[in-house]
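Chemist: Taking the hints into account, I'd like the entire structure generated from these sequences.
Top to bottom, those sequences are chains C and F. Residue 207 in this note's numbering sits at position 207 of the first sequence; the count goes up by one each step and never skips. Residue 214 in this note's numbering sits at position 214 of the second sequence; the count goes up by one each step and never skips.
Among the clues, some could well be false.
[Said to hold, decoys possible] Capping the alpha-carbon separation at 25 Å, the derived lysine to any residue pairs in SDA-like fashion look like this:
no., chain 1, residue 1, chain 2, residue 2
1, C, K183, F, P91
2, C, K183, F, T105
3, C, K183, C, T157
4, C, K114, C, D211
5, C, K183, F, R78
6, C, K183, F, V62
7, C, K183, F, T94
8, C, K114, F, Q85
9, C, K183, F, S66
10, F, K121, F, A111
11, C, K279, C, I269
12, C, K183, F, T71
13, C, K183, F, S56
14, C, K114, F, A74
15, C, K279, F, R78
16, C, K183, F, R77
17, F, K121, C, R166
18, C, K183, C, Q116
19, F, K121, C, G162
20, F, K121, C, L156
21, C, K114, F, E84
22, C, K114, C, T157
23, C, K183, F, R122
24, C, K183, F, R104
25, F, K121, C, Q208
26, C, K183, F, A111
27, C, K183, F, A74
28, C, K183, F, R69
29, F, K121, C, D211
30, C, K183, F, Q85
31, C, K114, C, Q208
32, C, K183, F, R13
33, F, K121, C, T159
34, C, K183, F, L70
35, C, K183, C, T159
36, C, K183, F, K121
37, C, K114, F, T94
38, F, K121, C, M164
39, C, K183, C, I79
40, F, K121, C, R158
To be clear, the hints were calculated from the coordinates, so they are not data collected in a lab.
The lines below spell out each chain.
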Amino acid sequence: MLQGALAGLAAGGLYAVLAVCLTLMSRLVRVVNFSQAATGMFGGFVAVWLVEEAGLPIWLGSMLGVLLAGVLAAVIGWIAATWLSEADTTTRSAMTVGPLLMLISLSFILFGNKPQPFSPIIAGPAFEVGGVVISQVTVATVSLAIVVAVAMRLVLTRTAVGTMLRALSERPTTAELLGIPSKPLSIAVWFVTGVISAIAIVIVAPSQSNDATSLSMLIVPAAAAALLGGFRRLDLAVVGGLLLGLLSGLVAQIDEVSLIRNFLPFLFIVVLLLWTQRKEVWDAAR
Amino acid sequence: MSTLVLDDVTVSRGAGPVISNVSLTLEQGRVTALVGPNGAGKTSLLDGISGIVPISGGRILVDGESIERLTRVARARRGIVHIEQGRAVFPSLTVRENLSLTARTPLAMEAALTRFPELEKRVDSPTALLSGGEQQMVVLARAFAATPRFLLIDEMSLGLAPVVFMRLLPIVEEIAASGVGVLLVEQFTHLALSLAEEALVVASGHVSYRGTSAGLRDDPGLLHRAYLGGAASVIE
Chain C
1 MLQGALAGLA AGGLYAVLAV CLTLMSRLVR VVNFSQAATG MFGGFVAVWL VEEAGLPIWL
61 GSMLGVLLAG VLAAVIGWIA ATWLSEADTT TRSAMTVGPL LMLISLSFIL FGNKPQPFSP
121 IIAGPAFEVG GVVISQVTVA TVSLAIVVAV AMRLVLTRTA VGTMLRALSE RPTTAELLGI
181 PSKPLSIAVW FVTGVISAIA IVIVAPSQSN DATSLSMLIV PAAAAALLGG FRRLDLAVVG
241 GLLLGLLSGL VAQIDEVSLI RNFLPFLFIV VLLLWTQRKE VWDAAR
Chain F
1 MSTLVLDDVT VSRGAGPVIS NVSLTLEQGR VTALVGPNGA GKTSLLDGIS GIVPISGGRI
61 LVDGESIERL TRVARARRGI VHIEQGRAVF PSLTVRENLS LTARTPLAME AALTRFPELE
121 KRVDSPTALL SGGEQQMVVL ARAFAATPRF LLIDEMSLGL APVVFMRLLP IVEEIAASGV
181 GVLLVEQFTH LALSLAEEAL VVASGHVSYR GTSAGLRDDP GLLHRAYLGG AASVIE
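Modeler: Here it is in structure tokens:
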């Protein structure tokens with residue numbers, strides 16, 4: 001059972017990375033980016049094509065795919081910063097459903113609707129603890145989630161750019177009136193989170209369902225994990241992702257409840273919403 | 001000497017103009033008061049100058065260069081700093097972080113804190129924990145550190161006790177004396193007029209008085225007529 005739970009950690013690390021990216025996007029550019037995983041998926045598919053069809057070395061193909069995912073995210077960010085800079089979070093978030101559907105459709109047209117033959121960048125066991133094997137992919141994704149969360153926290157609290165980003169997230173108009181360049185900074189946030197998401201997806205994709213829809217819909221467990229931190233706290237987003245991964249691995253081992261695995265993120269979201277709203281008073285006026 | 005010139009500026013929001021046909025010249029080192037009843041369009045005019053809203057007519061010139069098509073970031077970089085209504089601090093940022101947004105060098109930071117010694121002992125506190133007066137000091141210190149050429153101040157006294165506001169006024173006077181052109185929108189008309197050399201009164205979206213502050217201070221009747229929209233008859 002422990003082996004099963006730990007097997008879910010690789011996916012948990014991926015959820016955690018995506019949750020950290022979602023949290024950063026929500027905090028810094030006021031968007032719940034539904035296309036967060038889809039841009040990574042598309043970059044990953046292009047990487048597969050570059051390796052399998054164009055014959056590029058795996059490291060070069062993967063790098064170009066990851067870069068493309070960053071550029072795609074930056075283009076979506078440019079659209080948000082240009083035409084929706086004054087819009088509220090709901091409108092800006094709703095806009096990202098468009099790129100999500102477009103990227104899934106485009107990948108069907110270009111690459112078909114079958115899983116892609118991802119070549120593993122990292123493979124094999126990393127170490128064994130008490131008879132339980134921990135894979136290199138697990139170590140890589142969990143480490144990536146923690147490193148990204150810590151690095152982003154340091155950037156936000158210790159650097160001039162981080163201070164500007166926090167100022168922009170609190171009062172965008174006031175920040176602009178002080179000459180802080182909101183558009184390039186916002187687009188940079190989109191680019192960086194796009195790149196990070198794509199790296200995580202390219203690492204994990206060979207070892208899990210990797211058709212376009214499955215990869216794009218990783219946004220659901222990622223959103224559930226980000227919700228644990230209220231889309232504000234990076235540490236809780238990591239914890240949420242890892243917890244969700246462990247739970248998924250665990251329930252997959254128990255026949256009686258293995259079906260729950262498919263809707264575990266939704267259950268997680270419902271439980272979190274009920275818990276966070278437990279002190280709300282619902283009366284006739286509401 | 002730099003000048004900020006409004007040439008027949010109109011600002012609209014939604015269906016129609018909020019304030020129309022305003023012309024004025026801000027010079028460095030001088031304070032101009034912009035007063036008038038609530039809803040006259042004072043805030044909209046400041047928003048139009050700094051680029052929060054686009055102007056719907058006229059021109060805005062800095063040293064002869066037209067800036068009305070520039071973004072608010074580009075206008076800020078041309079030396080126009082706008083202090084918005086309310087307390088425009090970044091609440092989760094510390095005082096030091098708030099100031100560092102414009103005070104980019106240790107020297108600039110030191111200069112800002114020297115001018116506002118009250119802030120020195122709170123420099124590592126989140127700005128949200130400061131009193132209203134201290135928060136306005138942070139806003140003024142941040143504006144000062146931006147080394148503006150023109151400072152647009154919108155209702156700095158809002159929500160402050162008069163005694164606290166009275167402590168801030170001399171700071172505005174000092175900033176102006178250091179060579180900054182100040183456009184001061186203020187609900188405490190008599191205080192604004194005591195600080196300014198020139199004054200504009202706007203009523204119902206039009207300028208009803210443009211002239212010296214002394215002219216308004218010395219003639220309460222003139223001030224009342226201007227507030228009621230006495231229009232061109234009282235424009236000097």
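Chemist: Which numbered hints does this structure break?
Modeler: 8, 14, 15, 18, 21, 22, 23, 25, 26, 29, 36, 37
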